[in-house]
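Input sequences plus hints: build the corresponding full structure.
Protein chains: 2
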Amino acid sequence: MNDVVSALREVLPPEALFTDAEALRRYSHDDAEWAAFGEPAAVVLAGSVDDVVAAVRVAARLGVPVVPRGAGSGLSGGANATAGCIVLSLERMTAILEVNADERYAVVEAGVINDDLRQHVAGHGLWYPPDPASMSISTIGGNVATNAGGLCCVKYGVTRDYVLGLTVVLADGSVAKLGRTTAKGVTGYDLTALMVGSEGTLSIVVDVTVKLRPLGGREERAIIGYFPSLTDAGRAVAAVSAAGIVPSALELIDRMCLHTVAEWQGWTLPEQADVLLLAAVDEVGAAGEELAGRIAGLFADAGGTGVERATDPDDVARLFLARRLAYPSLERLGPVLTEDVCVPRSAVPEMLARIERIAAEADVVIANIAHAGDGNLHPLIIAPEGDAAAKDRAEAAFTRIVDACRELGGTVTGEHGVGLLKLPGAAAELSPTVLRMHRAVKDALDPHGILNPGKAFPATVPATESATEPATAER
Amino acid sequence: MNDVVSALREVLPPEALFTDAEALRRYSHDDAEWAAFGEPAAVVLAGSVDDVVAAVRVAARLGVPVVPRGAGSGLSGGANATAGCIVLSLERMTAILEVNADERYAVVEAGVINDDLRQHVAGHGLWYPPDPASMSISTIGGNVATNAGGLCCVKYGVTRDYVLGLTVVLADGSVAKLGRTTAKGVTGYDLTALMVGSEGTLSIVVDVTVKLRPLGGREERAIIGYFPSLTDAGRAVAAVSAAGIVPSALELIDRMCLHTVAEWQGWTLPEQADVLLLAAVDEVGAAGEELAGRIAGLFADAGGTGVERATDPDDVARLFLARRLAYPSLERLGPVLTEDVCVPRSAVPEMLARIERIAAEADVVIANIAHAGDGNLHPLIIAPEGDAAAKDRAEAAFTRIVDACRELGGTVTGEHGVGLLKLPGAAAELSPTVLRMHRAVKDALDPHGILNPGKAFPATVPATESATEPATAER
Numbered sequence: 001m002n003d004v005v006s007a008l009r010e011v012l013p014p015e016a017l018f019t020d021a022e023a024l025r026r027y028s029h030d031d032a033e034w035a036a037f038g039e040p041a042a043v044v045l046a047g048s049v050d051d052v053v054a055a056v057r058v059a060a061r062l063g064v065p066v067v068p069r070g071a072g073s074g075l076s077g078g079a080n081a082t083a084g085c086i087v088l089s090l091e092r093m094t095a096i097l098e099v100n101a102d103e104r105y106a107v108v109e110a111g112v113i114n115d116d117l118r119q120h121v122a123g124h125g126l127w128y129p130p131d132p133a134s135m136s137i138s139t140i141g142g143n144v145a146t147n148a149g150g151l152c153c154v155k156y157g158v159t160r161d162y163v164l165g166l167t168v169v170l171a172d173g174s175v176a177k178l179g180r181t182t183a184k185g186v187t188g189y190d191l192t193a194l195m196v197g198s199e200g201t202l203s204i205v206v207d208v209t210v211k212l213r214p215l216g217g218r219e220e221r222a223i224i225g226y227f228p229s230l231t232d233a234g235r236a237v238a239a240v241s242a243a244g245i246v247p248s249a250l251e252l253i254d255r256m257c258l259h260t261v262a263e264w265q266g267w268t269l270p271e272q273a274d275v276l277l278l279a280a281v282d283e284v285g286a287a288g289e290e291l292a293g294r295i296a297g298l299f300a301d302a303g304g305t306g307v308e309r310a311t312d313p314d315d316v317a318r319l320f321l322a323r324r325l326a327y328p329s330l331e332r333l334g335p336v337l338t339e340d341v342c343v344p345r346s347a348v349p350e351m352l353a354r355i356e357r358i359a360a361e362a363d364v365v366i367a368n369i370a371h372a373g374d375g376n377l378h379p380l381i382i383a384p385e386g387d388a389a390a391k392d393r394a395e396a397a398f399t400r401i402v403d404a405c406r407e408l409g410g411t412v413t414g415e416h417g418v419g420l421l422k423l424p425g426a427a428a429e430l431s432p433t434v435l436r437m438h439r440a441v442k443d444a445l446d447p448h449g450i451l452n453p454g455k456a457f458p459a460t461v462p463a464t465e466s467a468t469e470p471a472t473a474e475r
Numbered sequence: 001m002n003d004v005v006s007a008l009r010e011v012l013p014p015e016a017l018f019t020d021a022e023a024l025r026r027y028s029h030d031d032a033e034w035a036a037f038g039e040p041a042a043v044v045l046a047g048s049v050d051d052v053v054a055a056v057r058v059a060a061r062l063g064v065p066v067v068p069r070g071a072g073s074g075l076s077g078g079a080n081a082t083a084g085c086i087v088l089s090l091e092r093m094t095a096i097l098e099v100n101a102d103e104r105y106a107v108v109e110a111g112v113i114n115d116d117l118r119q120h121v122a123g124h125g126l127w128y129p130p131d132p133a134s135m136s137i138s139t140i141g142g143n144v145a146t147n148a149g150g151l152c153c154v155k156y157g158v159t160r161d162y163v164l165g166l167t168v169v170l171a172d173g174s175v176a177k178l179g180r181t182t183a184k185g186v187t188g189y190d191l192t193a194l195m196v197g198s199e200g201t202l203s204i205v206v207d208v209t210v211k212l213r214p215l216g217g218r219e220e221r222a223i224i225g226y227f228p229s230l231t232d233a234g235r236a237v238a239a240v241s242a243a244g245i246v247p248s249a250l251e252l253i254d255r256m257c258l259h260t261v262a263e264w265q266g267w268t269l270p271e272q273a274d275v276l277l278l279a280a281v282d283e284v285g286a287a288g289e290e291l292a293g294r295i296a297g298l299f300a301d302a303g304g305t306g307v308e309r310a311t312d313p314d315d316v317a318r319l320f321l322a323r324r325l326a327y328p329s330l331e332r333l334g335p336v337l338t339e340d341v342c343v344p345r346s347a348v349p350e351m352l353a354r355i356e357r358i359a360a361e362a363d364v365v366i367a368n369i370a371h372a373g374d375g376n377l378h379p380l381i382i383a384p385e386g387d388a389a390a391k392d393r394a395e396a397a398f399t400r401i402v403d404a405c406r407e408l409g410g411t412v413t414g415e416h417g418v419g420l421l422k423l424p425g426a427a428a429e430l431s432p433t434v435l436r437m438h439r440a441v442k443d444a445l446d447p448h449g450i451l452n453p454g455k456a457f458p459a460t461v462p463a464t465e466s467a468t469e470p471a472t473a474e475r
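Line by line, the protein sequences are chains A and B.
Read left to right, the first sequence gives residues 1 to 475 (my numbering).
Read left to right, the second sequence gives residues 1 to 475 (my numbering).
Honestly, the hints are just simulated from the structure, not real lab data.
Just to be clear, a hint being listed does not mean it is correct.
Pairs count within a copy or across copies, as identical chains cannot be separated in the list.
What the hints assert, rightly or not - Below 25 Å or equal to it, Euclidean Cα-Cα: the simulated SDA-like pairs (lysine to any residue) are:
hint, residue 1, residue 2
1, Lys177, Ala428
2, Lys155, Arg318
3, Lys211, Arg406
4, Lys177, Arg357
5, Lys391, Trp34
6, Lys391, Glu98
7, Lys211, Arg235
8, Lys177, Ala459
9, Lys177, Gly157
10, Lys155, Phe320
11, Lys391, Asp131
12, Lys177, Leu408
13, Lys391, Glu219
14, Lys211, Ala243
15, Lys391, Asp363
16, Lys177, Val107
17, Lys155, Arg400
18, Lys211, Gly157
19, Lys155, Val307
20, Lys177, His259
21, Lys155, Arg357
22, Lys391, Arg26
23, Lys177, Gly303
What follows is the structure in structure tokens.
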């Protein structure tokens, strides 16, 4: 028997340790199609902080990598196993440890599903805003590891904006409580923020103190419109922004995506329905009505047709149905490689036009959903199962999309994380000096490199720049 | 001539270097009364990034500490000089490098005054929310270094929430661009957030990319009420929170502070006016009216008298006048040692009661202003000029307030930073493991310890915990 397995067996309860072929296979990768992965030596389903500590200490002692994981719903390969590693799943740590309605925070274990947290705190009159599309399956720990976004972050911010504190297990197995529960606080470095989005490479998050908002005081109104071209839709998005309106969602669905949904559902679309924009506002009463009316007007002015508004929750859900069906309708066509790039808001139409060209040139099908209000695009690249040549073309398109996003002043990942798939993009985006800072921080907190090695930032760091190099070269 | 001075003279333009006694004295400390300071070897008033790089390279070569500084308006001693150091002021770097109205961000040099940024972007229809009380004198670089808060952060967040990116000079003189200009982005570690609040101990901020909001879409309404006791005022604050209302300001002024202002201004206060609460909401139209009305009702229900509301900007300013005059009115009584602690919102009345007892027992005058909606208190400790015994008593009271805040589950600094004054408090608040993390990060990014050494976190770190110690000891 493997050294790692026998060492883990000594320190973990039997129900926490899995080494059968099915478990090793199932826990070898997340939801990123085509990211590389290896077979782990063991899978630990931690039931407590003590289990996490025990597993990390074994890993530290034997120099074996630990790959932490929540639901495995990541889309960048951040939770993919390396050969011989310990996959450490937090999915069984699902306790909601505290809800404090007066101070508006909750403390939850890392394995709590985003939706479960949302529903639980709603019972206390509170709201946890971050709403990644995966919210019914993804864990808070995973959301923290990737700094997950969502639809409402255009108005309410991303996961990072709701993390007050963390309990983490460090690379030597020690446990640290970071952050605070008070509304404000600046004691020491913001190590909490450093951990958010670090993809388990600096520590393993075991519980999270999340900031909550009052549940009430909002009334959702939806506004949709179909546009004859990307340019027209882009003009509508720009007009909403220029009017100083901050919607609670502003989503775009392109022609390929829209027509796939419509065909599947048997919908008849308005003529010249090339792009669908879906907006929401959540101000109450007359203020909400007025904003919704202004957005509807701006949509119409920009050439929108079939402009509709809804206030009744069922009607709002109906108007947003195309957004909810986008991903499943595309998955019916074949495996979907989900891109995630973020460009300046005003560059969304140009970016979508470039993606259209890249799809044509690479001969692949690419459909787009986008958080248009944030400039965050999710090109969905589809390649038929078992077609190796199509897969190669899809991967080439993926790379070209990342390059195009950089050319337009964008960033290579808006909300899914670097994982493995965006390592080349991150190497292009981050300067040698910034990469050296990453390496220095990583080495400081994980000197033996056992925490999810090879993820989150490119490992190869250029040699130290000479001190005689122009100091302002990066500016 | 001193080695440092001659080395600086070689690389800096003459107008950037000051070594006269008056400059050395003037730049030897910030606005923290009684924090220790020494005489610097030289003062550099950088006019460009090149000047900063040149000064840091000299410091690195000679192993001399660099103490960066903005306006010197800090209240924790974070910019206090150590003997023989280089004080590096960014106050002359005041260029607004870019305002992008479409993407709602601005790039400004570190020396730009908060108010100047605010006014400049208002001309583009944009708003920079963070509003520390020092905003007419403090710089954005200093705001970033301390993660400054303010009045409106109860609704709109603190400086950290508005920093998208930074250009920083590292300890070896290299220049790094951190962060992004897009609305979202998760490429690599959040080194931007790590720098915010790090008080110049990890890098020197030379420019800041700030996120902006639309200027319009808000209408300020003020609501005030006088309360016969801290308990009653605390009940009013709790009632506003329990009603799910998020005001755009919620300030408290205690009896000592209120009566000092009233005496100075010749105001007649309502009977039993022990505590003044000042609230603001900024929702537009009927929604704002309704919220203001509800807050006024909750104030009255909790025993508030003299409850007033205002919508006209001049009237709003009049209602908030006591808040604006609080600090200057107290300074007329003697040097003010400004405390800054943050407790759970619901513990504000208890904390104020303890402060009252501490003041009585220590025989010092303490007046309180508090961001009640955040639980962030600023006890203002006054000791007559030249009275050494009174100063000792004031310092003892300062320490006891920090201890009391910790006992109530608070944090030792809400928005002013650790600097020097809160080092003992930070040592009590941060666990040995967390302190070791600080030391590791500091050593990774500033291996020779030249950047503002001795600030932001306690330098003494306990020996490594044994691996056999209970792993969950900190939980």
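Hint check:
Taking CA atoms no more than 25 Å apart as the test, Lys177 paired with Ala428 passes between copies only; the shortest distance there is 14 Å, against 34 Å inside one copy. Taking the shortest alpha-carbon separations for Lys155 and Arg318, only the intra-copy value of 22 Å comes in at or below 25 Å, while the best inter-copy value is 32 Å. For the homomeric pair Lys211 and Arg406, the shortest alpha-carbon distance between copies (20 Å) is at most 25 Å, but the shortest distance inside one copy (33 Å) is not. Taking identical chains as interchangeable, the C-alpha atoms of Lys177 and Arg357 are never at most 25 Å apart, the minima being 49 Å within one chain and 32 Å between chains.
With identical chains, the CA atoms of Lys391 and Trp34 are at most 25 Å apart within one copy only, with a shortest distance of 9 Å there and 67 Å across copies. Neither within a single protomer nor between protomers do Lys391 and Glu98 lie at most 25 Å apart by alpha-carbon distance, with minima of 46 Å and 42 Å respectively. Taking CA atoms no more than 25 Å apart as the test, Lys211 paired with Arg235 passes between copies only; the shortest distance there is 22 Å, against 35 Å inside one copy. For a Cα distance limit of 25 Å, the shortest separation of Lys177 from Ala459 across copies, 19 Å, qualifies, whereas the shortest one inside one copy, 28 Å, does not.
Taking the shortest Cα distances, Lys177 and Gly157 sit within 25 Å of each other both inside one copy (24 Å) and across copies (23 Å). Taking CA atoms no more than 25 Å apart as the test, Lys155 paired with Phe320 passes inside one copy only; the shortest distance there is 17 Å, against 29 Å between copies. Neither within a single protomer nor between protomers do Lys391 and Asp131 lie at most 25 Å apart by alpha-carbon distance, with minima of 30 Å and 52 Å respectively. Taking the closest pair of Cα atoms, Lys177 and Leu408 come within 25 Å of each other only across two copies (18 Å); inside a single copy the shortest separation is 40 Å, beyond that limit.
In this assembly of identical chains, the alpha carbons of Lys391 and Glu219 never lie at most 25 Å apart, being 44 Å within a copy and 54 Å across copies at closest. For the identical chains of this complex, Lys211 and Ala243 are inter-copy neighbours only, at 17 Å across copies versus 30 Å inside a copy, given an alpha-carbon limit of 25 Å. Taking identical chains as interchangeable, the C-alpha atoms of Lys391 and Asp363 lie at most 25 Å apart only when both belong to the same chain, with a minimum of 11 Å there against 78 Å between chains. In this assembly of identical chains, the alpha carbons of Lys177 and Val107 lie at most 25 Å apart only when taken from the same copy (12 Å versus 34 Å across copies).
Taking identical chains as interchangeable, the C-alpha atoms of Lys155 and Arg400 are never at most 25 Å apart, the minima being 30 Å within one chain and 41 Å between chains. Taking the shortest alpha-carbon separations for Lys211 and Gly157, both the intra-copy value of 12 Å and the inter-copy value of 12 Å come in at or below 25 Å. In this assembly of identical chains, Lys155 and Val307 lie within 25 Å of each other by CA distance solely inside one copy; the values are 22 Å within and 33 Å between copies. In this assembly of identical chains, the alpha carbons of Lys177 and His259 never lie at most 25 Å apart, being 49 Å within a copy and 42 Å across copies at closest.
Taking CA atoms no more than 25 Å apart as the test, Lys155 paired with Arg357 passes in neither setting, with 31 Å inside one copy and 44 Å between copies. With identical chains, the CA atoms of Lys391 and Arg26 are at most 25 Å apart within one copy only, with a shortest distance of 22 Å there and 66 Å across copies. Proximity of Lys177 to Gly303 under the C-alpha cut-off of 25 Å is found in neither arrangement, the shortest distances being 53 Å within a copy and 40 Å between copies.
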